[in-house]
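In the order they appear, the protein sequences are chains A and B.
Residue 144 in the working numbering sits at position 144 of the first sequence, and the numbers go up by one each step.
Residue 1074 in the working numbering sits at position 74 of the second sequence, and the numbers go up by one each step.
Just so you know, these hints were derived from the structure itself, not from any lab.
Keep in mind that a hint or two might mislead.
SDA-like mimics (lysine to any residue), calculated; alpha carbons at most 25 Å apart, straight line [stated by the list, open to error]:
1) A:Lys73 <-> B:Thr1019
2) A:Lys303 <-> B:Phe1058
3) A:Lys303 <-> B:Thr1054
4) A:Lys65 <-> A:Gln302
5) A:Lys208 <-> A:Gly251
6) A:Lys73 <-> A:Gly33
7) A:Lys65 <-> B:Gln1053
8) A:Lys65 <-> B:Phe1045
9) A:Lys303 <-> A:Gly14
10) A:Lys65 <-> B:Glu1049
11) A:Lys65 <-> B:Thr1019
12) A:Lys65 <-> B:Ala1057
13) A:Lys73 <-> A:Lys208
14) A:Lys303 <-> B:Val1140
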Amino acid sequence: MQNTVRRIGCRGRGSDLFLLSLGNLLRTILTLGIYEPWARTRVRRYLWSAVEFGGEPFVYHGTGKELFIGRIKGTLLIWGIVVLAAAIAAGVGFALGPAAVEAGVIDLTLSLLVGTGIAVLVPVAIVGARRYRMSRTSWRGIRFSFRGTWRRYLLILFSRTLVPFTLGLAYPFVYIREKRFFVTGTYYGNRPFAFDGDGRDLFGPWLKALILTPLTLGLYWFWFAAERHRYVWGHTRLGAARFVSTISGGGLLRLWLGNLFLLIITLGVAWPFVTIRNLEFMTGHLVVVGAPDLDAVVQDAQKASAAGEGVAAALDFDMELGLAM
Amino acid sequence: MDEPSQQTRWPGWYYDGRTARREPVTVMIGPGGIGLMGEDGRVRFWPFEELRQTQGAFAHEPIRLERDSDAPEAVVVDDRAFLDTLRAAAPRHFGRYGRPRPFGRQVRLATVGTVAILGAALAGYLWGVPALAAHLADRVPSTWEERIGAQAAAQLTAGLGRCEDPALHRAIEQMVAALARASGLSPDAFRFHVADDSLVNAFALPGGTIILFRGLIQRAETPDELAGVLAHEMQHVALRHSTQALLRELPVRILIAGLTGDAPALGQALHAAATLRSLHFSREAEREADRAAAATLAAAGADPGALAAFLSRLEREDAGVPAYFSTHPPTRERVTALATLAPAADPAAAWPSIADWEMIRYSCH
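When you get a sec, could you build the whole thing from the sequences and use the hints?
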């Protein structure tokens, strides 16, 4: 095993992304929003190829058309669920008679069914979006993929809702479980990423954060977030290569304050510059130790539709740039 | 336009699309495609029509060409001159391919685009939307107007008592009937409520409902003054100003809600619009209603100057601006305009049956 240390570089420029976003905004307005999937694709193509490793940029292969079709599918899926729920609720009301309807049985059935539908759609959307993005990402001609299933993620999301009942003590375990799901489900070609983190390691820092964060008026949270970030990367591997992140709480705080300042004085117009600053910060503090023995990696691309992305967009939640993390 | 360089060979990397290995190649541009020569001297030929550019539209990106085949093969060249030569060699295939635009041109393009769209939006807001609203207002079904008007009336008078004095109602009915006849409208098109509140105000709602507040009636010293206000509000209804205002404000609110992605705000906007909470008429609409009201008053035999007199007295007497004026043009301007319209008429009894105005106007308390 070689112990070469290699940096991950970021070559994006805020001014490029700014002009790109402005052009996107104008086109989106002119087309009454129809252009939006193409706009999103252009931004991703820019950001993906702004990140390079070993002198090779990442490549985003998604197209606006795929996202557009995915969005239509996602919207139809949500409408389908609502219509189906309405039909079932009406059927239940009809079967139970007027007295039950008067007591609100239709409203209850409807909200139960729609609530369940949304609860299932959230993991479908998040996992689907990640599958789509990874399958459209390549480096050195080899595609990434994500092979985690939404059923497993549904269980993780469910355990996340139970965390408050443990007074937050279960948080590090659920957090690590979720990270393990995302990291180990990610493949580069036929090679899976590996993760050997353990929730117990984060338990001490988490307790410290629970105590110190209120005492420092929230400032300590940046140090905890940085430690958590370092921990997750530090336990991620691809073959013989491992990752080391060196972000510090102070650096994270400075980044965040700088971003806040930029966004406030420009009323949000500086968003592209903030995006590049974040990307530069994360990649600038990430190195790869050891060689990922590329000769053994073989193309093993997976099919993935953009329907999950479409559901995510229709549910109106946006996810962070998901390069390799 | 950049001159195609005389260079014919470029160093690049070849990816076979099956492994993560890369192979150094020499890339050559030929008449029908590109050739990739490996270190072993073997040459791969890729026709132009099978090539797709996936990177190279930005200055920091290398030029990356993919070939459609079972495995996604690709070649990457760092030298930008390669792309210019490629475009010159195969303009049909690469003419529209991404190449970094000079920064200054990008900035100019973005500025022109922004100014053009802002200008178009402003023009649409200033002229397009009002014209469209006026056009649509004439086509809105009257049942829809009546429903909105009734809803708004309920909202505006919620919690307020009503003045039901028969003499007052008879007087107002008589005025409405006479004013409607004088302007060629059907008296059945109008309904009125008198709300028991000291507010000096009156509203015209879509569908013909007019709300008069007790405060306004008490301040009218002659029947003609109240008739002036009624004539003015009736003209707002007849000219469908409320419906126009509704149609004019709605798209702007929808647009704002759409841009901010704020669905609850959209719901509130629709609600506010539907209850006419925040609607106001344009100055042009007020002038139009004043002109038509003055003509109606003259035709009904009432004093067209009474409205002007009433307005200027209200303004003079009240230290604060009364509600009736808050969304109207400056009173002085309106009074002057009304005075030029209104020939001095005989302030004699246009309302012979309204014998005791002093009693009637204080009938509600």
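Outcome of the hint check:
1. A:Lys73 <-> B:Thr1019: The hint is violated at about 34 Å.
2. A:Lys303 <-> B:Phe1058: It is violated: about 29 Å lies between the C-alpha atoms, which goes past 25 Å.
3. A:Lys303 <-> B:Thr1054: 19 Å, holds
4. A:Lys65 <-> A:Gln302: With a Cα-Cα distance of about 19 Å, the restraint between Lys65 (chain A) and Gln302 (chain A) holds, given a limit of 25 Å.
5. A:Lys208 <-> A:Gly251: 20 Å, holds
6. A:Lys73 <-> A:Gly33: Holds, at roughly 17 Å.
7. A:Lys65 <-> B:Gln1053: Answer holds: Lys65 (chain A) to Gln1053 (chain B) is near 17 Å, not above 25 Å.
8. A:Lys65 <-> B:Phe1045: Between Lys65 (chain A) and Phe1045 (chain B) the Cα gap is close to 30 Å, so the pair fails against 25 Å, i.e. violated.
9. A:Lys303 <-> A:Gly14: Violated, at about 33 Å.
10. A:Lys65 <-> B:Glu1049: 21 Å, holds
11. A:Lys65 <-> B:Thr1019: 28 Å, violated
12. A:Lys65 <-> B:Ala1057: 19 Å, holds
13. A:Lys73 <-> A:Lys208: Distance of about 45 Å is beyond 25 Å: violated.
14. A:Lys303 <-> B:Val1140: 51 Å, violated
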